[in-house]
Amino acid sequence: MKWMAGVVMAPVLLLADPQGSLGTSAVEARGDQLFTQGCAVGYCHGTAGSAARSPRLRGRTFEKDYLVKVIRDGIPNSAMPAWGDRLTDDDIGALVVYIQSLAAASVEVPAPAETASLAPPVAVKESELAPEVRQGRELFYDPQRLQRCSNCHRLQGIGTPVSVDLAKLSKQQLAADAVNALRYGRPRRVRGLVLKDGDRFPAVVVERGAAETRVYDLKGVPPVLRSLQSTEIQGLQQESGWRHAQAVKGYTTDDLKAVWAFVNWAAQR
Amino acid sequence: MHRMITLLMAVGVGVWAQDGSTKENWPAYGGQNSAWRYSALDQVNVENVSQLAAAWVFQTGDNDGGLQSTPLVMDGVMYVSTSHNRVFALDAVTGKRLWSYIYELPKTFTTFYGPWNRGVAVADGRLVMGTLDNHVVALDAKSGRQLWKVNVEDANQCGCNITAAPLVARGKVIVGVTGGDSAHRGYLNAFDLKTGRHLWRFWTIPGPGEKGHETWPGDSWKFGGGATWMTGSFDETLGMVYWAVGNPAADFYGGNRKGDNLFTDSIVALDVETGRLKWHFQQVPHDVWDWDAAYENVLVDLPVNGQVRKLLINVSKGGYTYVLDRTNGAFVTAWPVAKNINWISGVGPKGELLGRNEPVVGRSKLICPSIGGGRSWNHGAWSPKAGLFFTTGIEWCQEVAAQAETPVEGKTYFGGTFKLVKTPDGKSGGHLAAYNPMTGKAVWQYDYKYPLLASVLATAGDLIFTGDAEGDFFALDAGTGKKLWRFNTGSGHRGSSITYAVNGRQYIATPSGWGSAVAGLMQQFWPETEQFPNGSAVFVFALPEQKR
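Residue numbers (this note's numbering), protein chains in the order written: chain A, 27 to 295; chain B, 23 to 570.
Derived by calculation from the structure, the hints in this document are not laboratory data. Possibly wrong hints are sitting among the right ones.
As the list claims (entries may be wrong) - Taking lysine to any residue pairs in the SDA-like style, the calculated list, with each CA pair at most 20 Å apart, reads:
#, chain 1, residue 1, chain 2, residue 2
1, B, K216, A, Q260
2, B, K216, A, R226
3, B, K449, A, E134
4, B, K505, B, G451
5, B, K332, B, G373
6, B, K129, A, E238
7, B, K129, A, G110
8, B, K164, A, A202
9, A, K245, B, L221
10, B, K244, A, L172
11, B, K216, A, I184
12, B, K244, A, T257
13, B, K129, A, G100
14, B, K332, B, T355
15, B, K129, A, R180
16, A, K245, B, K216
17, B, K164, A, E238
18, A, K245, B, D214
19, B, K129, A, S104
20, B, K216, A, G110
Unchecked claim - Residues on chain A that point at chain B, a partial pick, calculated with CB under 8 Å:
#, residue
21, D168
22, L172
23, G235
24, V247
If you're wondering where the values come from, they're calculated on a predicted model, not measured in any experiment. Cβ atoms here follow ideal geometry from the backbone N, Cα and C, with glycine treated the same way.
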């Protein structure tokens with residue numbers, strides 16, 4: 027019953043327009059549509075906010091600012107994703123109006139057909155990227171290849187930071203024709219690690235302590251962060267035999283040009 | 023000893039061909055890699071189970087999502103994993119903490135398929151676990167020290183992660199992935215247990231040029247789901263790994279993936295050394311109901327028309343139990359574990375679906391069972407002694423409406439909404455039944471007002487253990503289904519109980535802690551369950567010393 031107090035909190039227009047005949051109804055309808063397509067689905071908030079794995083929204087009150095923030099930014103380390111990259115501010119506002127309208131909703135949930143319209147799917151913000159940059163981005167992170175740039179380079183929050191932070195390259199480095207470097211580079215930070223059990227592999231040292239050494243093992247793909255006890259290590263050699271060519275062997279020259287265009291674009295943001 | 027003799031007489035030579043029973047240890051997620059969840063221990067039995075008493079309790083301290091894991095026991099040490107990838111090693115006699123490990127999660131990421139973890143694997147002195155941010159880590163089982171860690175795919179990109187226990191076979195860590203309700207292409211990976219190096223990947227959705235790719239139009243194969251979100255099985259003699267592959271995405275809308283959508287909703291058998299496909303059996307071609315084939319594959323050897331065959335039992339989310347020949351994938355039989363099934367009218371003699379009843383776009387339709395499944399992922403148990411397969415089932419339906427959706431990599435991709443509703447006969451709830459695996463005939467059935475969402479444990483003491491939503495952990499007579507003992511742990515059961523022995527004393531251990539996606543869904547239908555408390559503890563029981 028305490029949730030019914032939420033009626034008072036609901037926007038005045040909604041109270042004044044229970045039948046949805048005013049302008050707000052269009053906003054609310056848009057929110058309803060977006061909710062059905064993005065929030066009610068699967069294991070999320072359930073039809074009309076009736077609860078599933080994610081919390082019930084029906085019959086509850088939420089502050090507008092809180093809803094805007096949570097929808098836009100998500101809740102870190104929870105199942106609530108950020109929608110700011112997929113929804114416009116107007117759409118987020120429409121969702122807020124709709125969710126606040128659920129505060130006064132009865133416990134009885136409408137059948138899904140009443141809300142599942144044939145409207146277009148959730149809007150995806152149009153990318154402003156140049157075609158080559160967009161192609162480079164796809165290649166950089168391409169999930170269909172086991173060997174891809176993001177295995178060793180973290181850029182825009184995605185990837186494993188084994189190697190150089192490409193966002194911190196100098197202007198001169200970015201301006202250079204990188205295809206040759208990507209093809210024939212011999213990264214000095216890749217060393218040859220030899221273990222006492224006879225195993226040897228190219229490695230990037232992350233941390234070297236008296237008792238334990240942490241390295242990225244580059245023998246396979248993806249790289250493995252290994253914590254080795256000093257007693258396991260025979261020695262660390264300057265030359266590993268590893269070449270950057272191994273990391274880009276699945277990419278054509280045009281692919282690498284596109285990747286570099288993306289790196290340039292990302293580094294300047 | 024007389025118990026063992028009875029056991030052999032019950033099922034003939036089959037028991038020698040594939041012994042999946044556990045004894046002192048509980049070494050793998052399903053007990054052994056044949057996934058029986060059956061223990062040969064019989065110190066606790068139908069005669070004395072009423073004397074069973076709490077020996078110790080371990081509180082993990084992380085209630086979020088409950089406690090859904092299967093503890094493992096090796097040589098007197100219990101290993102239990104919790105939500106957020108915490109691992110505890112405990113003295114299995116006293117519950118004393120030996121070491122703990124807290125996985126360092128990134129500060130920001132979305133745990134759409136989390137935050138729970140369903141178990142770890144332990145072998146050759148190493149403990150391995152999949153993580154919420156889609157890594158695999160290996161720890162020293164003696165100290166908890168991290169040995170290696172590898173990123174399978176960036177969780178912020180794929181929207182996927184790992185919640186299931188890995189399977190270890192021949193020194194390989196074989197581990198699946200979630201992501202079946204997202205725009206993601208599923209896979210199964212093998213890593214070297216010692217070094218963490220990647221050994222092979224099996225894509226559950228074939229790429230261009232591969233067999234089965236023709237069942238995916240356009241780019242739909244890139245976003246088609248096919249998660250491997252539970253744990254597989256392994257037959258050492260055949261060298262085959264068995265995994266059940268989840269639903270295609272979008273779950274309810276198949277308009278942009280017209281075709282069979284291989285290998286979703288399939289059981290796949292892979293060569294353990296190479297990951298190459300040996301055979302597959304697809305339960306649901308072009309699934310539009312979210313009927314994963316994700317659950318356990320129980321490997322048993324049983325007579326079929328008088329001849330012992332190597333079989334595999336898999337209960338699907340759509341509510342049917344499939345029995346296949348695990349040497350070649352041949353269909354043997356299928357039978358339902360729920361009464362309320364209307365998405366098909368039945369399964370034909372070759373395993374084909376009869377009378378498909380599909381959701382439609384923009385219009386609500388009654389489909390039974392609900393998306394929560396005719397059974398959830400909680401594991402069944404096979405008792406060779408009883409010759410019975412014990413599994414839960416759920417009676418519930420949903421009003422579902424499909425909707426067209428455009429995939430966005432790593433984002434949710436369901437293609438529909440639903441509302442849970444009662445079954446047409448007005449009765450809904452759960453049950454646990456004892457089935458003849460070849461006929462599907464139930465010897466007995468135990469009914470419960472809510473779905474039963476904990477795994478089942480069978481023992482040579484003629485006992486069946488499981489727990490319920492209200493916190494009762496209980497023992498049934500395997501032969502009759504009669505309740506012989508119960509203990510309320512204060513929070514509902516969503517994990518998997520085990521049994522083990524140390525210094526000649528048998529223990530029964532159960533995770534307790536309500537949570538999970540399906541537990542969340544229950545609120546739609548049973549609003550009072552919103553008030554059911556979370557928890558996260560391991561309860562361990564034994565007979566009083568003088569009673570043994």
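Tested hints:
1. Among the hinted pairs, B:K216 with A:Q260 is consistent with the structure: their alpha-carbon atoms are about 17 Å apart, no more than 20 Å.
2. Annotation: proposed proximity of B:K216 to A:R226 holds, straight-line Cα distance about 14 Å (limit 20 Å).
3. Among the hinted pairs, B:K449 with A:E134 is consistent with the structure: their alpha-carbon atoms are about 19 Å apart, no more than 20 Å.
4. A hinted pair counts as satisfied when its Cα atoms are at most 20 Å apart, and B:K505 with B:G451 qualifies at roughly 18 Å.
5. Simply put, B:K332 and B:G373 have alpha-carbon atoms about 18 Å apart, close enough for the 20 Å limit, and the pair holds.
6. The hinted pair formed by B:K129 and A:E238 fails the criterion: a straight-line CA distance of about 25 Å is larger than 20 Å.
7. Of the supplied pair hints, the one linking B:K129 and A:G110 holds, its CA atoms being roughly 18 Å apart against a limit of 20 Å.
8. Between B:K164 and A:A202 the alpha-carbon distance is near 51 Å, which puts this suggested pair outside the 20 Å criterion.
9. Of the pairs offered as hints, the one joining A:K245 and B:L221 holds, with about 11 Å between alpha carbons and a cut-off of 20 Å not exceeded.
10. Restraint check for B:K244 and A:L172: the C-alpha separation of about 14 Å stays at or below 20 Å, so the hint holds.
11. As the CA atoms of B:K216 and A:I184 are separated by approximately 27 Å, the hinted pair breaks the 20 Å bound.
12. The suggested pairing of B:K244 with A:T257 is violated, with an alpha-carbon distance near 45 Å, which exceeds 20 Å.
13. As the CA atoms of B:K129 and A:G100 are separated by approximately 13 Å, the hinted pair is consistent with the 20 Å bound.
14. A hinted pair counts as satisfied when its Cα atoms are at most 20 Å apart, and B:K332 with B:T355 qualifies at roughly 14 Å.
15. Between B:K129 and A:R180 the alpha-carbon distance is near 15 Å, which keeps this suggested pair within the 20 Å criterion.
16. Only pairs whose Cα atoms come within 20 Å are accepted, and A:K245 paired with B:K216 is accepted, the gap being roughly 14 Å.
17. At roughly 17 Å between alpha-carbon atoms, B:K164 and A:E238 fall within 20 Å of each other, so this suggested pair holds.
18. Between A:K245 and B:D214, the direct Cα distance comes to roughly 12 Å. Compliance with the 20 Å bound is thereby established for this hinted pair.
19. Between the alpha carbons of B:K129 and A:S104 the distance comes to roughly 11 Å, so the proposed pair stays at or under 20 Å and holds.
20. Taking the CA atoms of B:K216 and A:G110, the gap is about 42 Å. The hint is violated against a cut of 20 Å.
21. Hint status for A:D168: violated, given a least beta-carbon distance of 10 Å to chain B, over 8 Å.
22. A cut of 8 Å between beta carbons decides the hint on A:L172: the least distance to chain B is about 6 Å, and the hint holds.
23. Taking 8 Å as the C-beta cut-off, the interface hint given for A:G235 is violated, the closest approach to chain B being about 13 Å.
24. With 8 Å as the threshold, the beta carbon of A:V247 comes within range of chain B, its nearest partner Cβ sitting at about 6 Å, so the hint holds.
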